[in-house]
Each structure stands twice: as C-alpha cells, then as structure tokens.
Amino acid sequence: NAGVTQTPKFQVLKTGQSMTLQCAQDMNHNSMYWYRQDPGMGLRLIYYSASEGTTDKGEVPNGYNVSRLNKREFSLRLESAAPSQTSVYFCASSEAAVANYGYTFGSGTRLTVV
Amino acid sequence: QKEVEQNSGPLSVPEGAIASLNCTYSDRVSQSFFWYRQYSGKSPELIMSIYSNGDKEDGRFTAQLNKASQYVSLLIRDSQPSDSATYLCAVNSPNSGYALNFGKGTSLLVTP
Numbered sequence: 001n002a003g004v005t006q007t008p009k010f011q012v013l014k015t016g017q018s019m020t021l022q023c024a025q026d027m028n029h030n031s032m033y034w035y036r037q038d039p040g041m042g043l044r045l046i047y048y049s050a051s052e053g054t055t056d057k058g059e060v061p062n063g064y065n066v067s068r069l070n071k072r073e074f075s076l077r078l079e080s081a082a083p084s085q086t087s088v089y090f091c092a093s094s095e096a097a098v099a100n101y102g103y104t105f106g107s108g109t110r111l112t113v114v
Numbered sequence: 001q002k003e004v005e006q007n008s009g010p011l012s013v014p015e016g017a018i019a020s021l022n023c024t025y026s027d028r029v030s031q032s033f034f035w036y037r038q039y040s041g042k043s044p045e046l047i048m049s050i051y052s053n054g055d056k057e058d059g060r061f062t063a064q065l066n067k068a069s070q071y072v073s074l075l076i077r078d079s080q081p082s083d084s085a086t087y088l089c090a091v092n093s094p095n096s097g098y099a100l101n102f103g104k105g106t107s108l109l110v111t112p
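Read top to bottom, the protein sequences are chains A and B. Residues in the first sequence are numbered consecutively from 1, following my numbering. Residues in the second sequence are numbered consecutively from 1, following my numbering.
Okay, chain B solo, but in the shape it has when bound (with noise of 0.2 Å):
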C-alpha cells in the first residue's frame, strides 16, 4: 500500500493568521491530488484539487504541488475559527483503479 503522510496535528493559529497544512506520498505515478475538510462527526467535503506542479488558488485556499518532491500543501489564508477541522490529503493510487489513498489528517484549531 502506498502511503500518504501527514502530521496529525493539532495545529492551533491564531485567527487571522495563514494556516500550513503539509503532505507527502511515496507513489511517483499518481496523478491527481485533494484536500478535504472533514469537521467532527461529519463526511469529508473537497475543498482542492490540484493535477499540476506548481500553486493553485482559490478564495482563501492555495494548494501547492511539487512531484519532484512528492509533496502537496495546503495554505489557508486569514484563518477562521470555523476552519478549525480535520484536513484530508488525498493522492490517486494507479496501483488501484485509480481510488484515493487518504492520509490520516490534520488536526486544525483556529483560536479567537
């Protein structure tokens, strides 16, 4: 099983301040890549999707990809309290039809 890591936090900033949520995967032929949001007790919500090396912006979000690296983040920028969640990396496995291989999460706070 190919891995996809990330640290699970918590990662408590304050509101207002830019958010660093970082990923790393091992499989070199995966192609697509996600963060979702998954607040407590709730299903897990896409928030960016990103195929191309290089930054992708939307809104407060940035996704980062680096396949040189095998490294993806997610930058959220102004943090709000409402963010605070459990934030899903999530890489395209070739190996296995295709489905994602979720890391574990991290655990964001964002405090008042």
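Chain A extracted, bound-state conformation (with noise of 0.2 Å):
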C-alpha cells in the first residue's frame, strides 16, 4: 500500500524560481492537507481540501497555490521562492474532515530556497 506519496523529497530552488509539490493518496480519503515543519516552529497548516472540489487556507498560507486535481491529488504551488519558504513540507489526508480519525502522511518534501 503506497498510502500518501509526494514527489519530489528533496528540491533547492534558487529565489524567484517557481516550483510545484506533487502529492497524491490512493486510500479514497475525501480531506487533504499541505504542512510545513520549521525547526520550532511544528507542523503548520499552509492549504487544506476538504472534499474535492474545495480548497481553503490555513495558518500560512501567504506565497503558495493549491489545487485539488481530483479526489487523489493535492498540489502545492510556489509562485515565486524565497528563502523564508526554506523547510519540509508535507501532505497528509483523512477519511473525512469531520469526525476527523487522524492523518496519513507522505514521506515530506526538504525544501532549500537560495
């Protein structure tokens, strides 16, 4: 069972280059979400989808795009990189927003912006 995949795992971008984080589950989970880990600062909410179709922002949203490809897929968009986007980001989804039983994860995407 792959569960939540997410592509590339490691990625350095240079400041202003643009780049999009792939995420996918095979679980038919409804809910799917977009975090970053910074060192103290935890796992942060950047965009989250609650049922295909719906996208909305989270804690951190500022600099990023989402898009809800289908029931499966969840991308994450950077426009324009910069350093302050530096960090690990990873998608997890659940069966239901609602009545949340907890997340899968993906294995993360370290991200390093110069």
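In short, the hints are calculated from the structure, not lab data. Fair warning: there could be bad hints in the mix.
[Unchecked claim] Within a straight-line C-alpha distance of at most 25 Å, the following computed DMTMM-like cross-link-like pairs (lysine to aspartate or glutamate) qualify:
1) B:42 - B:78
2) B:104 - A:59
3) B:42 - A:59
4) B:56 - A:56
5) A:9 - B:45
6) A:14 - B:5
7) B:56 - B:3
8) B:67 - A:26
9) B:56 - A:95
10) A:71 - B:45
11) A:14 - A:52
12) A:71 - A:38
13) B:104 - A:56
14) A:14 - B:3
15) B:56 - B:5
16) A:9 - A:79
17) B:104 - A:26
18) A:14 - A:38
19) B:104 - A:38
20) B:67 - B:15
21) A:57 - B:78
22) B:104 - B:27
23) B:42 - A:38
[Claimed, not checked] On the chain B side, residues computed to face chain A include the following (Cβ under 8 Å):
24) 88
25) 96
26) 97
27) 99
28) 102
29) 112
[To be verified] Quick list of the computed label-pair ranges, beta carbon to beta carbon:
30) A:95 - B:54: 22 to 28 Å
31) A:20 - B:57: 41 to 47 Å
32) B:56 - A:17: 43 to 49 Å
Glycine is no exception: its CB is placed at the ideal position from the N, C-alpha and C atoms.
Join the two chains into one complex using the hints; note that each chain is given alone, in its own frame.
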C-alpha cells in the first residue's frame, strides 16, 4: 500500500523560481492537507481541501497556491520562491474532515531556497 | 490561531520507566485529539487517538483526556530506547475545517 506519495523528496530552488510539489493518495480519502515544518515552529497548516472541489487557506498561506486536481491529488505551488519558504513540506490525507480519524502523512519534501 | 501547547523537552527517562507527555489546548470546541510520533528526518506517525473524557489504552500507550481542563496526556509504559522520538499533540480545529492544529512537540529520550 503506497498511502500518501509526495514528489520530489528533495529540491533546491533559487530565489524567484517556481515549483509544484505533488501529492497523491490511494486510500480514497476525502480530505487532504499541506503543512510545513520548521525547527521550533512545529507543523503549520498551509492549505487544506476538505473534499474534492474545495480548497481553503490555513495558518500560513501567503506565497502558496494549491490545486485539488481530483480526489487523489492535491498539489502545492510556489510561484516565486523565497528563502523564508525553506522548510520540510508534508502532505496528509484523512477519511473525512469532520469526525477526524487522524491523518496519514506523506514522507515529506525537503525544500531549500537559496 | 488556537493554541496547542507542549513542553519542548527533552524529557529523559530510563529504560523501563513510564514516560508522561502533556499537552494543553485552548479551543474548547475541539472534538478529536491525537498523538503522533516523529523520528528525526521522518514523517509523523499516528499512535493514539482519543475523543471522549477518560483513558484509552493501546498496548504500552495510554492517552488521557480531560476536556474540562483542556488537557491531553500520553503515558508510555516500559519505555524503550526505540521510543526516543518527538511526540506531537494534535487537536482538531472546527474553525479551520476541522484541520488538525499541532503542538510543537516534546522530545523524548529513553536512556538504556
């Protein structure tokens, strides 16, 4: 069982470059999430999609956009990368948003912006 | 942003002892509570969930919830060196579509 698959695992960008982080889940989950994790800051929610066709901002959405392409896939785009976006990015999915049964996380993308 | 607070640690316990990890949350309407374990360089892994007041046991792990005090705890009995990791408390947030709000984590070190 693949679970939640994130690509790429590592990426180095120059300031101002753009990129898309890909996330796909094969568990037929309705809800998907993007978090970033920084030392001393914990996991912070960037965007989430409670169900196919909907997306909403989380705690730290500035500088990011998302697309819920279908039920399986939820991508995160950095239009113009900044050093402050250096972080580890985790995608997660859950069966449903309400009555949350917990998340399954992907393995993460370690992004460095220079 | 509603808060989820944890002591950052490190919490050091000897092998075989009970490790006690604590978490407080500020959003009174939260309904679901989780403990995740995260090894260095890895993704978080769900180890316990609890939804009602009281204790919930699963093997060596016990989660405790007190909604009146807005307090969640995790007890790890017979701690092993392999339990050394960061433990994340997570609480659902109705104000953001029930997405989970995470604490910053408590680092646990179990010494042989």
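Checked hints:
1. B:42 - B:78: It holds: about 24 Å lies between the C-alpha atoms, which stays within 25 Å.
2. B:104 - A:59: Holds. Residue 104 (chain B) to residue 59 (chain A) sits at ~15 Å (cutoff 25 Å).
3. B:42 - A:59: holds (23 Å)
4. B:56 - A:56: violated (33 Å)
5. A:9 - B:45: holds (18 Å)
6. A:14 - B:5: violated (35 Å)
7. B:56 - B:3: Judged against 25 Å, a Cα distance of about 23 Å means the pair holds.
8. B:67 - A:26: Violated - the C-alpha atoms of residue 26 (chain A) and residue 67 (chain B) are around 34 Å apart, more than 25 Å.
9. B:56 - A:95: The given pair, whose Cα atoms are some 22 Å apart, holds under the 25 Å limit.
10. A:71 - B:45: holds (23 Å)
11. A:14 - A:52: violated (32 Å)
12. A:71 - A:38: violated (28 Å)
13. B:104 - A:56: holds (23 Å)
14. A:14 - B:3: Distance of about 34 Å is beyond 25 Å: violated.
15. B:56 - B:5: holds (21 Å)
16. A:9 - A:79: Cα-Cα ~19 Å, so holds.
17. B:104 - A:26: The hint is violated at about 29 Å.
18. A:14 - A:38: Holds. Residue 14 (chain A) to residue 38 (chain A) sits at ~19 Å (cutoff 25 Å).
19. B:104 - A:38: Within the cut-off at roughly 10 Å; holds.
20. B:67 - B:15: violated (31 Å)
21. A:57 - B:78: violated (41 Å)
22. B:104 - B:27: holds (16 Å)
23. B:42 - A:38: holds (13 Å)
24. 88: holds (7 Å)
25. 96: holds (6 Å)
26. 97: Nearest chain A Cβ about 5 Å off; hint holds.
27. 99: holds (5 Å)
28. 102: holds (4 Å)
29. 112: Nearest chain A Cβ about 27 Å off; hint violated.
30. A:95 - B:54: 22 to 28 Å: Given about 24 Å between the Cβ atoms, the range holds.
31. A:20 - B:57: 41 to 47 Å: Cβ of residue 20 (chain A) to Cβ of residue 57 (chain B): about 43 Å, so the range 41 to 47 Å holds.
32. B:56 - A:17: 43 to 49 Å: Given about 46 Å between the Cβ atoms, the range holds.
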